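Peer 1: Assemble the dimeric complex from its two separately framed chains, guided by the hints.
Protein chains in written order, with the working numbering: chain A, 1 to 268; chain Y, 1 to 285.
Bear in mind the hints are in silico, worked out from the structure with no lab data behind them.
Remember, it's a predicted structure, so these values are computed and weren't measured experimentally.
It is possible that part of the hints are untrue.
Under 10 angstroms between C-beta atoms, here's a sample of chain Y residues computed to sit facing chain A [as the list claims (entries may be wrong)]:
#1 L139
#2 G145
#3 H152
What follows is a list of derived Cβ distance ranges for each label pair [stated by the list, open to error]:
#4 A:G126 to Y:A127: 52 to 60 angstroms
#5 A:S201 to Y:L220: 23 to 31 angstroms
#6 Y:F193 to A:P120: 53 to 61 angstroms
#7 Y:G113 to A:Q73: 49 to 57 angstroms
#8 Y:L262 to A:A218: 48 to 56 angstroms
#9 A:V57 to Y:L89: 25 to 33 angstroms
#10 Y:P259 to A:P120: 29 to 37 angstroms
#11 A:D25 to Y:I268: 49 to 57 angstroms
Quick reminder that beta carbons are idealized off the backbone N, C-alpha and C, glycines included.
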Amino acid sequence: MTNPQPILRLDRITKRFGGMTAIDDLSFTVRRGSRTALIGPNGAGKTTVFNLVTGAVPVDAGQIFVDGRDLTQMPSRKRVRHGLARSFQNVRLMPHLTAIENVMVGQHCHNGGLFGVLQPVNLWPGNRWRAAARAALCESGLEQYAAATVKNLPYGVQKRLEVVRAMMAQPRLLLLDEPAAGLNSAETEALQVLLGRICSSSDVTLLVVEHDMHFVGALCDAVVVLDFGRKIAEGSPAEVRADPRVQEIYLGTTIAEPVERCHVARSA
Amino acid sequence: MSGYLEGILVLLAVNVVFAYGAFLPVAAGQLNLGLAGFAAIGAYASAYLSNTYAIDPILAILLGGIAAGAVALIVAVPVLRTRGIYLALATFAVGQIVQAALLNLEVVGGAAGYPVTAFIRLPTIAAFAAGVVVLVALLFATRFGIAVTAVHDDERVADLMGLNTRAFQVAAFTLGSVIAGIGGGLYAHHFSFIEAQYFNIGLSITIVLYVLLGGTQTVLGPLLGAAVFTLLPELLRGSANWRYVHFAAAVIILMALRPQGLLTAAQIRRLLGLDRAALSRERAA
Chain A
1 MTNPQPILRL
11 DRITKRFGGM
21 TAIDDLSFTV
31 RRGSRTALIG
41 PNGAGKTTVF
51 NLVTGAVPVD
61 AGQIFVDGRD
71 LTQMPSRKRV
81 RHGLARSFQN
91 VRLMPHLTAI
101 ENVMVGQHCH
111 NGGLFGVLQP
121 VNLWPGNRWR
131 AAARAALCES
141 GLEQYAAATV
151 KNLPYGVQKR
161 LEVVRAMMAQ
171 PRLLLLDEPA
181 AGLNSAETEA
191 LQVLLGRICS
201 SSDVTLLVVE
211 HDMHFVGALC
221 DAVVVLDFGR
231 KIAEGSPAEV
241 RADPRVQEIY
251 LGTTIAEPVE
261 RCHVARSA
Chain Y
1 MSGYLEGILV
11 LLAVNVVFAY
21 GAFLPVAAGQ
31 LNLGLAGFAA
41 IGAYASAYLS
51 NTYAIDPILA
61 ILLGGIAAGA
71 VALIVAVPVL
81 RTRGIYLALA
91 TFAVGQIVQA
101 ALLNLEVVGG
111 AAGYPVTAFI
121 RLPTIAAFAA
131 GVVVLVALLF
141 ATRFGIAVTA
151 VHDDERVADL
161 MGLNTRAFQV
171 AAFTLGSVIA
181 GIGGGLYAHH
191 FSFIEAQYFN
201 IGLSITIVLY
211 VLLGGTQTVL
221 GPLLGAAVFT
231 LLPELLRGSA
241 NWRYVHFAAA
251 VIILMALRPQ
261 GLLTAAQIRR
271 LLGLDRAALS
281 RERAA
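If we strip away everything but chain Y, and leave its shape as in the complex, we get (with noise of 0.2 angstroms):
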């Protein structure tokens, strides 16, 4: 496999990864603008850990996404208490601190960036994001896939139904930034090198892209928009210094034919007969 296409491969990974950490606050109904910064959180404690004592990437990456996640927890309680445009603007804020912050770190190198020693290649990854694809599925098969979307629906009432709405969202939140650092921590083993700037507002907004475009309704929305969107740039690239402008061009066209998303899970259910299907199955059991 070419140098070239692993790269691409792994990016996909990477951000198929991202997607799903900016999914679960969005089917809460949150919109975390800071997910760059808690994937910069796994990506610098994953690299700090394997470098500094040497242990096994795998767990050293799991480690950053735990401790990315321990952030979020406790920025969750006071950045959840604001509400729809404050609250983008309020994990904007926690995102650039986080940026700020790590840039004036010297122990990780600080403004200059930070080498990681230990490598990882594209099996490690995409294992890596076909664990984080299969566990979210299995997590909206669960009554919290309910129970979030309920309360991404319908607040009010969700609560009036016994529901602990602040408690999903926070649970919704913190998972999230938990798959974030996992993210992060993967684009780490494997690019060797990592700087605060690459963890900036931009990466945040376009990782939100993905599964806004992808669609927010379902699972595999974020799946697909982060395949799109990571895939249309490189497909493009023969246009050379356009290729953005194209690029932009197809996010507007798109929001602009389909604002529900690529995706939708009515649109799943058609497509796949499981309108009737699950019926008939239904009725026999």
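Excised from the complex, chain A in its bound form (with noise of 0.2 angstroms):
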């Protein structure tokens, strides 16, 4: 009944900048319709991932599957068609257009040919794609926001309107760059409830960074840790928690020579 396949496929990835090697012969997968986590230190190459990922940045080696397919080679615009989309880790929505506007970019790559391109969206509220992105941000409780200019939004309003924008590229893999991030607790909470629900409606898998380890336990039911460009673990939530390694680095405990390590590793 369940497709075997797993949604997002690493395969020995390695990236460089310059000397500095951030992705190192990394392999992970995450199953579908999982809410996996990608956490570890400052600098463990977690944004990059997604970069790689959605193609920002391109691979040095190995190979990137999504949904069985490889992407590896594949322009970063043509990717969204394939099931991906993403949140950053700056909010970085579109200043100059409204909040619905915003959404509707996420249409894109649904409604991109000559033809969706001159149908007059804005001109009539009734038009079908500026109804979904209407009905989107109604679902989501965004909808006063619907015309307001995007810059004068609250922080946490922003970083939720570019998880609806994210799904209405209706993608079957959703990153999420530190969506917590910055959030007082009520937005925290509104973030959360959001997720929520689309997960539940939608047969979406999450892929998140995230540091907040409250909003990690409470949404996500697998952990991939990273360091240093390698996975060190992976796991439930509660395995990850109670491997050394990762409290090694978390909590700084005294497995290891903890300083040593530090120098080592830094100058490495």
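Peer 2: Structure follows, in structure tokens:
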């Protein structure tokens, strides 16, 4: 019944920036329908993984499979059509567009032909695509901001708008880069509600970079831990929390010699 | 109507057309400083067609616009590879090349200029200007308008959302050049004489100023900018030799006080109460 193929498979990915190896022979899979967290200390390569998967930067070695399809060489623009969408660590909405127009940018991959581009989506409110964007805003409790210019909106609203925009592309794999960063507790809760609704109403798989471990614990059912571009642990949140190497990174316990590790590793 | 007033209104209409030619690439995040070159192509091509083949000037003007667009499409491929200040320089160079080529093209008079036999009056030119404003406004009510603004605001994200950013940039550049070419044709067929020297970098910069000062975020910005900055020098005419100094001072003061231009999209929504009106309309729908 369920498709056993993983929604995302990284196969021995390497990425170097100059002399610095950001991602080092990294392999992991994301189970279809899971809500997987990608965690690790600053500089571990989490955002780089997102940039490689979406094609914003090319890989140096290895292969990327989304839904069984090799996207390694595909231009970034075409990947959204293969079920890939993302949000950004720092909100990247279009500041000169209204909220609803931003959401309509997410529809582009389904309505981007010459006929679609010349459709007068902004001329009357009953337009099919505009109605769909409005419905998505309503479902997310954001309809009162539809006509507002986004740069004037609260940060938490912008973060949720970015998720709504990404979901308009109807992705099968949604990459969220620190969705809760910079949010207060009320905003974080609103975001959790939104993501919970998205997960229950569609079969999208989430891959989430996040530092807030409470957020990860509440949302995710699988965790991959990166450090220096390598995978050091994976499993359920409880398993990962119990893993001594993870504890060492996050809490600095003295299983190895942390000071020495710091010196050797950071200079490597 | 006095000849003077008609002359001013014709210039106003032509400048409005030019301003929309600059607005399209600016809306997509590009500065086209070669616009006078594309206006010159439209002017010379349409004048040549109506002089040589005696075709209707309106048809000749439209064909002149298409000629300017065709040249723009060809140069867009290499020129739009550059960014920022280099793009401005590359488009500037294109404008200079066109001007230099026309100066040496004897079939259209070369440096002596080129008389135009056919003549059109203010109503025709005003109708063309109104048509350009309406068409560009309609174009920006389509997904094209959203896409172009998205490319302007964040090219990387637009790309990840599946937008062919380069295609939109080339389209905006080419369409803008078609409009500039039409403006050139209108100018040629009213003033009955064109010379390559008129289509210089000063014209390009003035046109871009209309857009930057009028506001780049809304389709009404170029209209306002072209109107204010065509009429302002005329109103300052009383101060004779000092009027250009006053004009330049007005430009600098405006840039200091309203760097975003006279009109912004958010301001229009606020002024018209559209923020709330749109909301209640959307709720009702």
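Peer 1: Against each hint, give a clear statement of whether it holds in the structure.
Peer 2: These are the hints, each one checked on the structure:
1. With its C-beta approaching chain A no nearer than about 8 angstroms, L139 of chain Y sits inside the 10 angstroms limit, and its interface hint holds.
2. With a cut of 10 angstroms, the hint placing G145 of chain Y at the interface with chain A holds, because the nearest CB-to-CB distance is about 7 angstroms.
3. For H152 of chain Y, the interface hint holds, the least distance from its beta-carbon to any beta-carbon of chain A being 7 angstroms, beneath 10 angstroms.
4. At roughly 31 angstroms, the beta carbons of G126 of chain A and A127 of chain Y sit outside the given window of 52 to 60 angstroms.
5. The supplied range of 23 to 31 angstroms is broken by S201 of chain A and L220 of chain Y, whose beta-carbon atoms lie about 40 angstroms from each other.
6. The hint said 53 to 61 angstroms for the Cβ distance between F193 of chain Y and P120 of chain A, and at roughly 41 angstroms that hint is violated.
7. Distance hint for G113 of chain Y and Q73 of chain A: a CB-CB separation of about 55 angstroms, consistent with the stated range 49 to 57 angstroms.
8. Evaluation of the 48 to 56 angstroms hint for L262 of chain Y and A218 of chain A yields a pass: the beta carbon distance comes to about 49 angstroms.
9. The beta-carbon spacing between V57 of chain A and L89 of chain Y, approximately 28 angstroms, falls within the hinted interval of 25 to 33 angstroms.
10. Separation of P259 of chain Y from P120 of chain A is about 31 angstroms and conforms to the stated range, judged on CB atoms against 29 to 37 angstroms.
11. Restraint check, D25 of chain A to I268 of chain Y: a C-beta distance of roughly 54 angstroms satisfies the suggested window 49 to 57 angstroms.
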